[in-house]
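246 is the number that numbering that gives the first Met the number 0 gives to position 247 of the sequence shown; each next residue is one higher, with no gaps.
In case anyone wonders, no lab produced these hints; they're calculated from the structure.
Straight-line C-alpha distance at most 27 angstroms; calculated BS3-like pairs for lysine-lysine:
# : residue 1 : residue 2
1 : Lys130    : Lys164
2 : Lys171    : Lys220
3 : Lys223    : Lys171
4 : Lys227    : Lys171
5 : Lys164    : Lys227
6 : Lys130    : Lys184
Derived Cβ-Cβ restraints for the label pairs, each shown as a range:
#  : residue 1 : residue 2 : range
7  : Phe139    : Arg65     : 37 to 43 angstroms
8  : Leu84     : Arg228    : 23 to 29 angstroms
9  : Gly74     : Asp210    : 38 to 44 angstroms
10 : Lys171    : Arg61     : 53 to 59 angstroms
11 : Ile85     : Thr160    : 39 to 45 angstroms
12 : Leu84     : Val118    : 57 to 63 angstroms
13 : Ser101    : Thr160    : 15 to 21 angstroms
14 : Leu84     : Ser145    : 22 to 28 angstroms
15 : Arg91     : Ser145    : 16 to 22 angstroms
16 : Thr138    : Asp114    : 48 to 54 angstroms
Cβ coordinates follow ideal geometry from the N, Cα and C atoms, glycine included.
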Amino acid sequence: MAINRLWRTRVQWIRHRIRQQWRRRRADSGHGKRNEKGWPECEVIEEEGDYEDYVYGGDDERFRRRSQCLIGVLGFVSIFTLFCLIIWGAARPYGPRIAVQSLIVNNFYFGEGTDGTGVPTKLLTVNCSVKMMIHNPATFFGIHVSSNPVHLFYSQIAVATGQLKKYYQPRKSQGIVLVNLEGNKVPLYGAGGNIEVSDKSGGVPFRLEFDIRSQGNVVGKLVKTMHKRHISFRAPAIHTHLHVRTLRKPVETFTLLKRSLQVEDDNHHEW
0 MAINRLWRTR VQWIRHRIRQ QWRRRRADSG HGKRNEKGWP ECEVIEEEGD YEDYVYGGDD
60 ERFRRRSQCL IGVLGFVSIF TLFCLIIWGA ARPYGPRIAV QSLIVNNFYF GEGTDGTGVP
120 TKLLTVNCSV KMMIHNPATF FGIHVSSNPV HLFYSQIAVA TGQLKKYYQP RKSQGIVLVN
180 LEGNKVPLYG AGGNIEVSDK SGGVPFRLEF DIRSQGNVVG KLVKTMHKRH ISFRAPAIHT
240 HLHVRTLRKP VETFTLLKRS LQVEDDNHHE W
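Work out the full structure: start from the sequences and follow the hints.
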């Protein structure tokens with residue numbers, strides 16, 4: 000019995016010593032400390048380096064990413080520009096084809112009178128129309144067709160003027176357009192004396208001259224193709240059988256010869 004009691008006492012003393020040593024170690028290491036609110040105190044972990052450096056990888060990493068973005072943007076722009084140039088080059092040959100089919104003279108008045116300043120001279124009034132066929136051979140875009148003023152010249156004087164209204168010609172199609180030319184009491188001055196001689200010797204020569212412009216939007220408004228055709232040719236001589244009279248009344252009332260005729264060109268001038 001005495002031995003058992005002694006053994007138990009020895010075991011309890013050993014346990015007590017172990018608890019004391021464990022508590023002392025915890026106190027030395029800082030564990031078990033509590034703040035004013037009773038919460039265990041913890042040691043603050045100090046992070047080394049900047050947070051942005053940790054997330055973005057530092058200056059080198061940021062520079063590398065920016066360089067990659069810049070290279071990507073430049074690459075996209077270069078590829079898109081090359082694509083547009085290829086499309087533009089493929090669309091360049093598809094210019095409009097223009098054929099002047101006929102010149103129709105509806106009214107032709109010639110007489111003597113005075114100009115706006117009172118100078119006596121020969122006056123000419125012309126009303127005519129030009130019939131043209133415009134063909135768009137492009138297979139993947141339409142064109143917007145317009146022109147500068149269309150002039151009908153006698154000698155070096157524009158005796159009639161008109162304008163082609165801007166319109167849209169679809170792809171792979173052709174259309175007929177009619178341009179009206181008018182000239183009202185145009186003074187001929189020195190050229191007026193030759194008009195009678197020309198009429199008696201084979202007809203009055205006229206020259207038609209104008210420019211046709213076309214614009215095709217290949218890729219929206221980013222890629223455009225533009226063409227310009229200058230058209231100038233002498234119309235076949237027009238026989239008018241003029242009878243010139245000296246006007247005693249004001250110019251506004253003179254009426255001499257009214258003639259309607261059509262000049263057809265079998266070859267159809269093409270550009």
